[in-house]
Each structure stands twice: as structure tokens, then as C-alpha cells.
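K.L.:
The primary structure of each chain is shown beneath.
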Amino acid sequence: MTKHRLFWPAAVLVVMLLANLFFTPDFFAVRIKDGHLYGSLVDILHFGAPLILVALGMTLVIATGGIDLSVGSTVAIAGALACLHISEASDPGSVSTVLVAVALALAVALVLGAVNGLLVSRIGVQPIVATLILMVAGRGVAQLITDGQIITITSDPYRLIGGGYWLTVPFSVLLAGAMVGLALLLTRSTALGLLLESVGGNPVASRLVGIRALRLLTLVYVVSAVCAAVAGLMISSNVSAADGNNAGLWIELDAILAVVIGGTSLNGGRFSIGGTVIGALVIQTLSTTIYTIGIPPETTLVFKAAVVITVCLVQSPQFRAKVAHRRSVSRAGRSSESAAAADLKAGA
Amino acid sequence: MNTTLTDRLRGQLPLLVTSFLLLVMFAGGSVQYEGFFSGQVLLNLLIDNAFLLVVAIGMTFVILTGGIDLSVGAVVALSTMVSAWLVEQHHWPIAVVIPLVLVLGTGLGWVMGWVIHTFEIQPFIVTLAGMFLARGLCYTISVESISITDSSYTTMAQTHISLPGGTFLSPSALIAVLVAVAAFVVLHFTRFGRNVYALGGSEQSALLMGLPVARTRIAVYAVSGFCSALGGVLLTFYMLSGYGLHAVGLELDAIAAVVIGGTLLTGGSGYLVGTVLGVAVLGLIQTIISFQGTLSSWWTRIVIGALLFVFIVLQRLITARRRT
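From first to last, the protein sequence lines are chains F and U. The numbering used here applies: residue 1 is where the first sequence begins, and numbers increase by one. The numbering used here applies: residue 1001 is where the second sequence begins, and numbers increase by one.
What the hints contain is simulated information worked out from the structure, not anything from laboratory work. Certain hints may be false.
Partial list, derived from the structure: chain U residues whose beta carbon lies under 10 Å from chain F [stated by the list, open to error]: (1) Thr1118; (2) Phe1119; (3) Ile1125; (4) Val1126; (5) Leu1128; (6) Ala1129; (7) Cys1138; (8) Thr1140; (9) Ala1198; (10) Val1248; (11) Leu1252; (12) Asp1253; (13) Trp1299; (14) Ile1304; (15) Gln1315; (16) Ile1318.
No residue lacks a Cβ here, since even glycine has one placed at the ideal position from N, Cα and C.
When you get a sec, could you build the whole thing from the sequences and use the hints?
P.N.:
Pasting the structure below:
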């Protein structure tokens, strides 16, 4: 069943990767230069790592039936804080400075996530509204931290996080991989995943059977903020600069899109981390492909719109029912599934 | 008797708080800054935020039904882009371009509403796709900003409508006021308006009462699309250019204005007058920050965020108490 759910997102990813062969024949070539891995595939992983992380946090939030719009602002705030600390430190190149900077960014993310979580769980504000506050104010805060400027820094240890290599592989890919692995372990080998799905399915029932739903709700927003903060560190580290205005702009939408492509329902109660990772890679591949084909990168948005609508229609039971009805096949369940699959293929 | 009175007061509380806030801000600004206390400063609020007001009015309809429309900023941008493109590069007359843009916006809103209703997909995600689509379409027209030199547009931009006391209004501001009055009448004195409130209050009940739920839901998104397109036209008058990056984040300002105006985001309860006051609060924050001079523009966003926080928690406390 799980295998089935991941099949179509994965197929889309493979088709998109293969399509690239038409435009860049050596698309799949991966070579080692100066002890580093190079190639388009490595690039997709490398540039996609922050999105994978943000989408990972978003998956857990969406699994509880919520949504976190504030991740983009958290990305900007985390990068701004870390870069500010490093730029003002007496020894920007030292490991201890960088560690303090990272700790600062993560600590602020903990606070921001807790505020979101408490608003949702204790005060009972709709998630989209609760996180909207930080989305609006957060960009202002990030610009306040950077004083409206772009802070550029030179620090080799900091550069490692998003732009460096370790064991010939981009460090950001390893970091994202480790966090995804940890999340998979926690949600699939312990009861945590089950509890999350239970809270997403029916928070009241969950509370009645003794799950600490409120605490769990708060926790997912904290995790989402921390994931966003790490992504923010990666993005600012990769360009060695913090830009309060543009860092992480629109990333919340990409993350939601990745989650939806990955087959997680926006209604909560069901989630797939593997699907999200595939979804994030689909989006990154889409961007890379459009860039390499030479279509103006800005029109990526039109393609994204098509993908969002297709995926949502496929997920909608009403749509499946209608398509099935029109084709007047006797077995409604089976036909709607294959029709949905065909549409996904056509749309992507 | 007593309880109904307090209940009623409680329902009006967000509106009262917003009005009070507006008065305090204006009074504070008048005491603090020279030249702040004048009719023209108030009118400038309307002139500078005419497009936001029109967009926020459309958003009020959507939010009253319990939905949300994230596409408004992008539709505004698309309207400026299409207007500029047709007027400057194809030399179409303004009398054709503006109706065309309005039909385009309304149509886009209608389609989104139709998808939301027919396939029961969350409004948030459908209008998000609409936002991607509209912004993307802007860039397929042109990646660069197109400036408008057409005389009918510059006339609209420069016309001053004189008012008593040496003050003036722009045509855009006048249009915004007319839209507000029309929306007020529609929401509070027509069957459609009552259907909007009923749908937001409880879709189930509305359905059982035999109200046209489908038509109403699709219509509010069409109204929002129309208002966004009209807002785009007003922004074209204001900016005299079409650009894919116009009105980035406008959807948030519009939602913030509606919320600060006391409309519940869960739908069913709210005031159009509140939205007008909400837009005034947002405008006044900007005016005060520009009068202050030493404060940076990003303080606007932080203050708006803080206000949103206060109002949302306030709303929550009020509704929570009403339910128990």
C-alpha cells in the first residue's frame, strides 16, 4: 500500500530526470574533481537540501492537520542571526564562533516554533492564521537583524554547512539525509508517527484515549521551525551572506507543494516522509530543468501551478468519482485510481 | 436582557477596539508630528491605499464564507501587466482594456471558486495555485517592468478632485469609496449578502435551509477576483506601470486588514466597515513611520504582525467565551 502511494511521485521524478537527457546528454554523468562530486544530479540534491528540510518539518505539521506558513521567515531570521553573530565576532573563522552562531539560530527557532505551537494548541487559533503572524512579522524581524543590508561573511567552518564538502559529498546533502533518517526512525520505529496521525485524524478522540495531543501539536511546530532554521543556515552559508528580504522567499509554498506531491493529505491524519523527499526533489528538478532548457526561470510558477492543481485534483475523491463516472466503468474504485494515475502522468 | 446586550457589545468589541486604536494612533501622530493633523493626511491615506481597500473588500466576502484567497496580490500584478502590455505595446484604448482586465480577474476568481466547490479542495491550496499561475503569466508577458505613457492613464493618475478646505481626492480613491459603499449595501441589504453570512456561519445549516451554497461560494471568489482586478487597475493608475513584482505580499496585507477589522477568519461574522478601518490602521502605521523618519520601513511589517497577534488572540477569547 505504502509502495503504491510512492509509486506515482517517484515515476514523475524519474520521467522528469529522463526528460533532461534530451537537453543535456551528460545529465546523469557524475564525476569526481578535486575530491568532490560534481554533476547535475549532485546539484539537484545540493540545491534541494534546504527545501527537503523545510518540507520535512512541514510534513509533520500537515500530518496533524495544520500548516506552517512561517517557515520562510524562520529561514531568513536564522540565517540573519547566524551571519550577524559571525560578522561581529572577533574571530569569524573559528569553529567556536560558528558553533555559537548555529546555537543562536537554533535557539531562536525553538522559541518561534513554540510560539506558533502554543497559539495553535493552547489558544486554539487556526494554524494558517497563527503562523501567518510570524510570516508577516518575521521578514521585518529578519531585516531588523540585518539592518536592511545584506550581511556578507567569510568563515570557512560556516561555509561548510551549505557550501562545503565532506567525504566528497556536499555536506548539506549529508545533513539533510541525516535529519530525514532521524525523522523516519522516530516516526516509523516508535509510536510517534502513529500518534501524529491519530492527532491529525481526530484531535479530540486522541485526547480522549490519552494521547497528549496539545503537547504533540506544540512539538511539531517546534520541529518545523528547527528544520527551517537549519535550512536557513544552509542557504546563508552557501552564498556566505544573509539577506533578510529574499532568503527563503516562497519556500513555504514550495514546501507545501512538496508535501502534497508526496501524497500527504492536507487534511491531516496521514503522512509520508519518503513521499515528501521525492516531492521536494521533483520541485528542484523542475526548477533545474526549466533553467537548463532556457525558459525564463520566472515562468517556473506557471508549471508549478499546473502541478499543484493536477496533484490536488488527483487527491480529490470528488474528482476521482467524476472521472470514473464519466468513463462509466463498473468498478468505481479501481477505475478512479487508474484515471487519477493517468491524469498525474499527463499533468506532470 | 442584560446578557443579550453584553453579548452584542462583545460581538462589536473588535470593531470598537479597532476604532479606538485608529483614534489613538491619529491623536498620537497629531501630537507628535507637525502637519500630521490635517484633512489631507487622512485623505492621502485613502489615496495611497485605494487599491488595498478594494482588494481587502473582496477578501472580506471570501473570509466571511470561511474561505481564503491567496491569489489577490498576483491577480493585481497580472492586471497591471495586462493593462500595460495592451495599452503600451498594442495601443488598445483604455475603454477596452479596463473592462477586459476586470472580466479576466472575475473569470479567474470564478474558476477558482468552481474548483474549490466542485472538487472540495481547500481554498488555500486552490488560490495558491491561482497565485502561482497569475504571477507566472505576468512573466510570460514580460520579465521587465512596462511603464505606461498613455495619456488617458496619466490623466487618471494626475487628476485631483477638489474638496472643501483645500483638500483633494484622486479618482482611484473615489472609486474605492464607491466600491466600499456598494459592498456594504450588498453584504447587509441583499439576499446574496445574507447567504454569504449564512454560509460562513454553518455550511450544513445553509444547505439544509435550501440556500444556494454552490452559487454563493463560487460567487464570493468571483467577487474577490473582480476586486483584485479592479485593485490592479487602480494600482496601474497609481504606479503607471505593469510589473510582475507589483503587490508582492498584498494578500497578507488584505487578510491583515480584514482580521484587524474584526472579521472572524472562521467565517460567519464580520463587518465591511471593519475592513475599511483595518485598511486605515495599516495605512496609518505607514504614515506614522514615514513621519517619524528615523524608523525603518520594516517596522511596518513588525507592527502589523504584532497587531495581527493581538487581534487574533482577542477574537479567539471572544468566540471561546461565546461558545461556552
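K.L.:
Given Ile1125/U was flagged as interface, is its beta-carbon under 10 Å from a beta-carbon of chain F?
P.N.:
holds, 6 Å
K.L.:
Using the nearest Cβ pair, does Ala1198/U come within less than 10 Å of chain F?
P.N.:
violated, 20 Å
K.L.:
Hint Asp1253/U vs chain F: min CB-CB distance below 10 Å?
P.N.:
holds, 8 Å
K.L.:
Let me know if the C-beta of Ile1318/U comes in closer than 10 Å to any C-beta of chain F, holds or violated.
P.N.:
Violated, because the Cβ-Cβ distance from Ile1318/U to chain F comes to roughly 12 Å (cut-off 10 Å).
K.L.:
Please check whether Ile1304/U passes as an interface residue: C-beta within 10 Å of a C-beta belonging to chain F.
P.N.:
Nearest chain F Cβ about 6 Å off; hint holds.
K.L.:
Under 10 Å, Cβ to Cβ, is where Cys1138/U needs to be relative to chain F, so tell me if that hint holds or is violated.
P.N.:
Because about 8 Å separates Cys1138/U from the closest Cβ in chain F, which is inside the 10 Å limit, the hint holds.
K.L.:
Would you settle whether the hint for Phe1119/U is holds or violated, based on the nearest Cβ-Cβ distance to chain F being less than 10 Å?
P.N.:
Holds. Min distance 4 Å.
K.L.:
Quick check on the hint: Trp1299/U CB to chain F CB, less than 10 Å?
P.N.:
holds, 7 Å
K.L.:
Given a cut of 10 Å on the nearest C-beta pair, is the interface hint for Thr1140/U held or broken against chain F?
P.N.:
holds, 6 Å
K.L.:
Regarding the hint that Thr1118/U lies at the interface with chain F, is the smallest CB-CB distance below 10 Å?
P.N.:
Hint on Thr1118/U: holds, closest Cβ of chain F at ~7 Å, below 10 Å.
K.L.:
For the hint on Val1126/U, does the least C-beta distance to chain F fall short of 10 Å?
P.N.:
Holds, because the Cβ-Cβ distance from Val1126/U to chain F comes to roughly 7 Å (cut-off 10 Å).
K.L.:
So, as I understand it, the hint says Val1248/U touches chain F; can you test that by seeing if any CB pair is closer than 10 Å?
P.N.:
holds, 9 Å
The structure is inconsistent with the numbered hints 9 and 16, although it conforms to all the rest.
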